[in-house]
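Undergrad: Chain by chain, the residues:
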Amino acid sequence: MDLFEYQGKSLFARVGVPVPEGRAARSPAEARSAAEELGGRVVVKAQVQVGGRGKAGGIKLADGPAEAEARAAEILGMDIKGHTVHVVWVERASDIAAEYYVSFTLDRGAKRHMAIVSAKGGMDIEAVASENPEAVVKIHIDPVVGLANWEASELVYRAGLDRATARKSAAAVLKLYEAFVSLDCDLVEVNPLILTKDGEIIALDSKVTLDSNAFFRHPDFEDFRKAFTEDPIEQMARERGLNFIKLEGSVGIVGNGAGLVMSTLDVVSLVGGSAANFLDVGGGAGADTITNALDVLTNDPTVKTVLINIFGGITRCDLVARGIVEALGSLELPWPIVVRLDGTNAAEGRSILEEAASDLVVPAVTMREAAEKAVELAAKG
Amino acid sequence: MAIYVGENTRLVVQGLTGSQGRFHGFRNREYGTNLVAGVTPGKGGTDLDGVPVFDSMAQAVAATDANTSMVFVPPAFAADGILEAGAAEGIELIVAITEGIPAQDEARVFNYLKQTSGATLIGPNCPGVLSPGKANVGITPPEIAMPGPVGVVSRSGTLTYQAVHELTTRGIGQTTCVGIGGDPVPGTSFVDVLERFQADDDTEAIVMIGEIGGDAEEQAARFITDQVSKPVVAYVAGVTAPRDKKMGHAGAIISGSSGTAQAKQEALGAAGVTVVDDPTSIGEAVERLL
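Heads up: the sequence lines are chains A and B, in that order.
Note that this note's numbering gives residue 158 to position 158 of the first sequence, counting from 1, and the numbers run on in steps of one.
Note that this note's numbering gives residue 1084 to position 84 of the second sequence, counting from 1, and the numbers run on in steps of one.
No lab work stands behind these hints, which were simulated from the structure alone.
Small disclaimer: the values here were computed from a predicted structure and weren't measured.
Don't take every hint at face value.
[What the hints assert, rightly or not] A few chain B residues that face chain A, going by a derived Cβ cut-off under 10 angstroms, partial list only:
| no. | residue |
| --- | --- |
| 1 | Gly1042 |
| 2 | Thr1046 |
| 3 | Gly1050 |
| 4 | Asp1065 |
| 5 | Ser1154 |
| 6 | Leu1159 |
| 7 | Phe1223 |
| 8 | Ala1250 |
| 9 | Gly1251 |
| 10 | Ser1257 |
[What the hints assert, rightly or not] Taking CB as the label site, the calculated pair distances span:
| no. | chain 1 | residue 1 | chain 2 | residue 2 | range |
| --- | --- | --- | --- | --- | --- |
| 11 | B | Asp1055 | A | Glu234 | 41 to 47 angstroms |
| 12 | B | Gly1018 | A | Lys138 | 27 to 33 angstroms |
| 13 | B | Ala1062 | A | Val50 | 39 to 45 angstroms |
| 14 | B | Leu1290 | A | Glu355 | 50 to 56 angstroms |
| 15 | A | Glu355 | B | Gly1044 | 28 to 34 angstroms |
| 16 | A | Lys138 | B | Thr1116 | 23 to 29 angstroms |
| 17 | A | Gly329 | B | Glu1007 | 46 to 52 angstroms |
| 18 | B | Ala1076 | A | Asn132 | 29 to 35 angstroms |
| 19 | A | Arg41 | B | Ser1257 | 49 to 55 angstroms |
| 20 | A | Glu332 | B | Gly1018 | 36 to 42 angstroms |
| 21 | A | Val365 | B | Ala1076 | 50 to 56 angstroms |
| 22 | B | Ser1019 | A | Met123 | 49 to 55 angstroms |
| 23 | A | Gly286 | B | Asn1034 | 30 to 36 angstroms |
| 24 | A | Val365 | B | Thr1225 | 34 to 40 angstroms |
Where a beta carbon is used, it is the ideal one built from N, C-alpha and C, also for glycine.
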């Protein structure tokens, strides 16, 4: 789960990394009162779950409450790479002496943590790395041992951060690593981590991705979601325990297993169509799960037809067929359903659908045939 | 020969008394796998349908000489369960079925096992290993498979079933089907399994099923160029997947511009692998190569 900047900063504050004082605002008036409370110069920053806000005009300075209100009015509602801004963060402006870059992530190839530190913060780190590779210091960390004091210190000196404040920046690097591990993050990135003119080290930005598999250890992390404006259909699917991602096309997809569903999207595209969603009912789905999945899709007006692709392992095709029949009876389905069943109890499943004798159910033998039929039906829409 | 599991497998199931562990543990036994023990702390001294249950892995291994463990422990305790199996002397293979283990736990477990244990970990978040006609350690429905000359290795459960089914319906059997799982830090990678299939005299061709995220397929492509002489057919899922979204599996995510299906397909193609664009074409492609 990608956090807003201010949510990530609240986690930094928890582990003792200094962050500027600020307030979240959802309207220009709220931004004005936030600036009044903070006093002095402030920065108004768009809160979106995507990078590149600065270039898109989503970060603006304001001299006092009236200006903060005006800047917030400009930023709120702005579209940044497909994300609409619903929240701004108003924070006290900092006196910047130097901008650094610090990040921690898992290097999947090396199967170890990776730290990246640079004295050239405040810009796109990938661009810095390609133009000036020696300005970017990378090290691997053994997750069993963790980041040692000497490694943090070495990172800071090798990257060429200010020598007079090296202890402070090394301490911030250690604390950010602590946040990365103890708060179960997939990514902690601070760009920039700044040195102020007073010699303080402050996290001026944050990009934090949380591992939702670890939320059982951090039950309060669910609350971060309340600040997001979630797609209503994604929200409905999540509340019903379905693994769902909204996409741009017109063929609704239901399948079992992440790999099979991903591959169904690909095959639909291969035969000239495009998927409206990714929906994985998981292993061992019963009739209810299938009915539920179809119910969620009825709420998406972009869906013109649905393709159900099941390879039964733990999942039984007869139960999937019963779920479809039940949906035909209890829901007003506005589109045809192309069904391809294979694996455990596939023959039984197919005969259940045949007995139901519904015009809405279109059987298919192979995945490609199913995709072709679904794309054709969606085009008729 | 089969790889990882076979006639010499002596299986202990961690979490045998839970509903999933019980269902699959006994389904594996029915298939012919030698199920020798179960472990559930607090239930030591009981037995389940003739299988003795122990409080700990050390006790189970001491009493039964188990050499393979299958982990059905819930996500919050699974990392601990894997480490316990790794610490039990005599355990050579750990198959972790559990889905939803935190990535930080997996990274610690992977590195700690490598440093302290001789055991091989397969998974987590995988369907396990099936050597048709010999042993099944996992949740793959064994009736879709048959013995034969093809080795199968995959990051996805249902796509493995799909591929195995395609092979079997064409009368092409399998030496072993290995699910390495869909998580970001798998215990066993494509390269590890390819190495074993290359060394296995009975395996004549290899099917490899990858997906978006990470660079395991690219690493496999380099290994194939250097060290695999047997024909390989590959499929990579997620060509149309959007960036920065976890597509069901925790490890199936295109991060920025890295981990795309296109890059993986290109790397495999350049290594001489037959790359198919539809999972149902796998059987046909293998048939042509054999």
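Undergrad: Does each hint fit the structure? Answer for all of them.
TA: Results for each hint:
1. Against a cut-off of 10 angstroms between C-beta atoms, the interface hint on glycine 1042(B) is violated, since the closest Cβ of chain A lies about 21 angstroms away.
2. Taking 10 angstroms as the C-beta contact cut-off toward chain A, the hint placing threonine 1046(B) at the interface is violated, the least distance being around 26 angstroms.
3. Nearest Cβ of chain A to the Cβ of glycine 1050(B): about 24 angstroms, over the 10 angstroms cut. The hint is violated.
4. The beta carbon of aspartate 1065(B) is not positioned within 10 angstroms of any beta carbon in chain A (closest approach about 29 angstroms), and the interface hint is therefore violated.
5. With a least beta-carbon distance of about 8 angstroms to chain A, the hint placing serine 1154(B) at the interface is held under the 10 angstroms criterion.
6. For leucine 1159(B), the interface hint holds, the least distance from its beta-carbon to any beta-carbon of chain A being 4 angstroms, beneath 10 angstroms.
7. Checking phenylalanine 1223(B) against chain A: minimum C-beta separation of about 13 angstroms lies over 10 angstroms; hint violated.
8. For alanine 1250(B), the shortest C-beta to C-beta distance to chain A is roughly 6 angstroms, which falls under 10 angstroms, so the interface hint holds.
9. Taking 10 angstroms as the C-beta cut-off, the interface hint given for glycine 1251(B) holds, the closest approach to chain A being about 7 angstroms.
10. At its closest, the beta carbon of serine 1257(B) sits 9 angstroms from a beta carbon of chain A; the interface hint therefore holds under the 10 angstroms criterion.
11. For aspartate 1055(B) and glutamate 234(A), the Cβ-Cβ distance of about 44 angstroms falls inside the hinted range of 41 to 47 angstroms, so the restraint holds.
12. In this structure, glycine 1018(B) and lysine 138(A) break the distance hint of 27 to 33 angstroms, their C-beta atoms being roughly 42 angstroms apart.
13. The given range of 39 to 45 angstroms is broken by alanine 1062(B) and valine 50(A), whose C-beta atoms sit roughly 55 angstroms from each other.
14. The supplied range of 50 to 56 angstroms is broken by leucine 1290(B) and glutamate 355(A), whose beta-carbon atoms lie about 40 angstroms from each other.
15. Look at glutamate 355(A) against glycine 1044(B): about 50 angstroms separates their beta carbons, and that is not inside 28 to 34 angstroms.
16. Checked against the given bound of 23 to 29 angstroms, the beta carbons of lysine 138(A) and threonine 1116(B), roughly 27 angstroms apart, stay inside it.
17. At roughly 50 angstroms, the beta carbons of glycine 329(A) and glutamate 1007(B) sit within the given window of 46 to 52 angstroms.
18. Separation of alanine 1076(B) from asparagine 132(A) is about 44 angstroms and departs from the stated range, judged on CB atoms against 29 to 35 angstroms.
19. In this structure the hint that arginine 41(A) and serine 1257(B) lie 49 to 55 angstroms apart at CB is violated, the actual value being about 37 angstroms.
20. Between glutamate 332(A) and glycine 1018(B) the beta carbon distance is about 40 angstroms. The supplied range of 36 to 42 angstroms therefore holds.
21. For the pair valine 365(A) and alanine 1076(B), the beta carbons lie near 42 angstroms from each other, so the given range of 50 to 56 angstroms is not met.
22. Evaluation of the 49 to 55 angstroms hint for serine 1019(B) and methionine 123(A) yields a pass: the beta carbon distance comes to about 53 angstroms.
23. Take glycine 286(A) and asparagine 1034(B): their Cβ atoms lie about 32 angstroms apart, and the range 30 to 36 angstroms holds.
24. Roughly 37 angstroms separates the CB atoms of valine 365(A) and threonine 1225(B), a value that falls within the hinted 34 to 40 angstroms.
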